[in-house]
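Student: Spelled out from the first residue to the last, the chains are:
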Amino acid sequence: MNNAGAHAPRAQMRRLEPAAIGGVMSREVANFRTFWKATTFSSVLEPVIYLLAFGLGLGATLVDRVDGLDYVEYVGTGMVATAVIFSSALPAMFGTFVKERFQRTYDAILAAPVDVEELVTAEMLWIGLRSGIYGCFPLLVSMLFGLDPAPGMLLVPFFCFFTALGFAAFGIAVAASVSKIDQFNYVTTLFITPLFLVAGTFFPIDQLPEGVQVASQLNPLHHLVELVRDAAFGFELTDLLRVAFLLVFAVSLWRLAVSRMERRLID
Amino acid sequence: MAAIELHGVVKRFGPITAVDGLDLEVPKGICLGLLGPNGAGKSTTMRLLTGQATADEGDIRVLGFELPGESKEARAEMGVVPQLDNLDVDVSVEDNLAVFARLYRVRDVRGAVDRGLALSRLEGRRRDAVDQLSGGMRRRLLLARGLIHDPRLILLDEPTVGLDPQIRTELWSLIDSLRSRGTTILMSTHYIEEAERLADEVAVMAHGKIISRGKPSELVAQHAGRETAEVYAPPQRLAEVRARAEAHGLRVRPAGPAIAIVGAERATDGAIPPEAIRRAASLEDVFVLLTGEEAE
Numbered sequence: 001m002n003n004a005g006a007h008a009p010r011a012q013m014r015r016l017e018p019a020a021i022g023g024v025m026s027r028e029v030a031n032f033r034t035f036w037k038a039t040t041f042s043s044v045l046e047p048v049i050y051l052l053a054f055g056l057g058l059g060a061t062l063v064d065r066v067d068g069l070d071y072v073e074y075v076g077t078g079m080v081a082t083a084v085i086f087s088s089a090l091p092a093m094f095g096t097f098v099k100e101r102f103q104r105t106y107d108a109i110l111a112a113p114v115d116v117e118e119l120v121t122a123e124m125l126w127i128g129l130r131s132g133i134y135g136c137f138p139l140l141v142s143m144l145f146g147l148d149p150a151p152g153m154l155l156v157p158f159f160c161f162f163t164a165l166g167f168a169a170f171g172i173a174v175a176a177s178v179s180k181i182d183q184f185n186y187v188t189t190l191f192i193t194p195l196f197l198v199a200g201t202f203f204p205i206d207q208l209p210e211g212v213q214v215a216s217q218l219n220p221l222h223h224l225v226e227l228v229r230d231a232a233f234g235f236e237l238t239d240l241l242r243v244a245f246l247l248v249f250a251v252s253l254w255r256l257a258v259s260r261m262e263r264r265l266i267d
Numbered sequence: 001m002a003a004i005e006l007h008g009v010v011k012r013f014g015p016i017t018a019v020d021g022l023d024l025e026v027p028k029g030i031c032l033g034l035l036g037p038n039g040a041g042k043s044t045t046m047r048l049l050t051g052q053a054t055a056d057e058g059d060i061r062v063l064g065f066e067l068p069g070e071s072k073e074a075r076a077e078m079g080v081v082p083q084l085d086n087l088d089v090d091v092s093v094e095d096n097l098a099v100f101a102r103l104y105r106v107r108d109v110r111g112a113v114d115r116g117l118a119l120s121r122l123e124g125r126r127r128d129a130v131d132q133l134s135g136g137m138r139r140r141l142l143l144a145r146g147l148i149h150d151p152r153l154i155l156l157d158e159p160t161v162g163l164d165p166q167i168r169t170e171l172w173s174l175i176d177s178l179r180s181r182g183t184t185i186l187m188s189t190h191y192i193e194e195a196e197r198l199a200d201e202v203a204v205m206a207h208g209k210i211i212s213r214g215k216p217s218e219l220v221a222q223h224a225g226r227e228t229a230e231v232y233a234p235p236q237r238l239a240e241v242r243a244r245a246e247a248h249g250l251r252v253r254p255a256g257p258a259i260a261i262v263g264a265e266r267a268t269d270g271a272i273p274p275e276a277i278r279r280a281a282s283l284e285d286v287f288v289l290l291t292g293e294e295a296e
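So the protein lines, in turn, are chains Y and A. Each residue of the first sequence is one higher than the last, beginning at 1 in this note's numbering. Each residue of the second sequence is one higher than the last, beginning at 1 in this note's numbering.
No lab work stands behind these hints, which were simulated from the structure alone. These numbers were taken from a predicted model, which means no experiment stands behind them. Ideal Cβ placement from N, Cα and C applies to all residues, glycine included. Please note that a few of the clues may not be correct.
Derived coverage of chain Y by chain A (criterion: at least 3 residues anywhere in the stretch with Cβ under 8 angstroms from a Cβ of chain A; other residues may be distant) [claimed, not checked]: (1) 106-113; (2) 192-203; (3) 257-267.
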């Protein structure tokens with residue numbers, strides 16, 4: 001080895017360099033290869049269990065049809081959003097905290113020519129890609145329970161991807177704001193559980209009190225639920241607004257996550 | 001142009017001033033040992049150089065780049081070996097290297113990984129997960145990861161802390177081979193022997209600034225003279241010996257169960273008891289004289 005030629009020529013480095021983002025994502029891929037079986041197993045089996053319990057259990061005994069859909073179709077399409085939040089917000093919270101605090105991974109990465117903005121963006125993109133795929137599993141499982149395939153469903157991975165970007169950023173921002181890992185309990189109880197329960201996954205929200213209905217218009221998961229149902233049963237014009245809402249959610253949480261992480265990682 | 005230039009650098013953490021008006025230049029091609037007790041500000045200095053901490057006052061230039069603005073450019077050309085192991089433990093040895101080759105924008109990732117494996121002598125373990133390696137292997141891998149892009153400057157933060165003597169010696173020869181290739185090295189350590197063996201120059205740091213700097217032999221001659229006399233005895237006897245030596249104008253420092261009388265070659269008759277063991281003055285004598293007796 002000698003000191004000439006091995007590294008790239010000196011050039012002004014830019015923000016959000018694809019090489020830096022790709023490098024950080026390649027680290028995630030290398031790690032994912034060691035645990036993908038367990039994650040994928042639960043991502044496939046979880047919707048099966050939910051569909052059996054809610055779709056068949058409730059559907060056969062208490063509920064027959066909701067909003068003109070078989071209850072299995074209703075829950076199966078709604079569960080896409082559940083899969084997305086649980087494969088984005090939670091891994092982002094725990095993964096970020098563990099990498100920052102216990103494994104000191106970010107210390108190693110930031111000593112290389114990677115800045116916090118690139119680091120956060122890469123983590124979000126990776127989680128978004130994963131959730132984009134995992135989000136489709138409930139839909140595929142529902143087809144085994146009788147859901148008919150529709151061309152609109154080809155857009156579902158993209159809806160999941162954008163929603164997951166926002167929730168990944170949410171998780172990263174939370175991890176960068178808490179001082180102890182136990183404090184995640186407040187976040188899951190106060191935010192994640194209500195968001196996923198009152199999203200229109202298991203029951204329609206238009207029968208809830210008016211205040212709750214208005215509040216759920218601010219719930220990104222609710223918009224994802226509606227988008228996925230419309231992908232299966234026919235789009236409406238308001239779906240464009242829902243997509244716009246999800247994009248605004250992703251971009252604003254991205255900026256929040258970057259600034260929280262800069263405060264946490266740079267002394 | 002020096003590889004590293006710090007002028008009047010101050011870094012505060014709330015009420016604590018970790019770095020307090022630090023001036024330090026590291027010329028190209030030397031190994032500078034940054035020696036200091038725990039809490040002296042060595043690790044904060046290292047973090048300032050990688051842009052992971054931002055100075056409150058002062059100027060920092062690394063490889064000609066102004067920090068913090070051009071920190072990313074500087075980081076592209078320097079390698080960092082951290083004090084604490086932050087390898088990805090579930091991931092294979094070669095993937096650990098490959099990820100950092102990409103982060104450092106190395107064009108030939110595979111070639112860089114092979115060189116890193118050769119340097120760390122882990123060719124036979126390339127597909128093994130890091131958590132299957134011994135402590136010494138992990139340290140070698142950490143060093144190889146920091147060198148994956150063949151940097152012009154290397155920051156070594158306590159490179160052999162917590163390692164047994166065999167592994168320490170092995171790492172020392174690795175570091176020495178880098179120095180002989182002309183790579184600039186800034187190495188923080190609180191192991192005196194490490195600084196003595198590897199460093200062309202030593203800077204002693206205490207309370208956030210450099211209090212003395214020079215070649216190890218010059219520092220010893222300047223601060224500790226030629227000879228040190230050590231006396232092992234019960235505490236009461238040690239107190240008497242110490243009082244007498246100090247009455248004769250000699251400097252005395254505690255040395256575990258003993259005391260060390262520094263500058264013994266200048267002692268007048270009766271200043272040092274006959275049972276004292278005389279030895280050559282060492283960097284450790286300098287270190288303790290300069291940074292104080294009590295550990296923080």
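Student: Could you run down the list of hints and mark each one as holding or not?
Tutor: Hints, one by one, checked against the model:
1. 106-113: holds (count 7)
2. 192-203: violated (count 0)
3. 257-267: Satisfied; 3 residues make the cut.
Comparing the model with each numbered hint stated earlier shows that hint 2 is the single one that does not hold.
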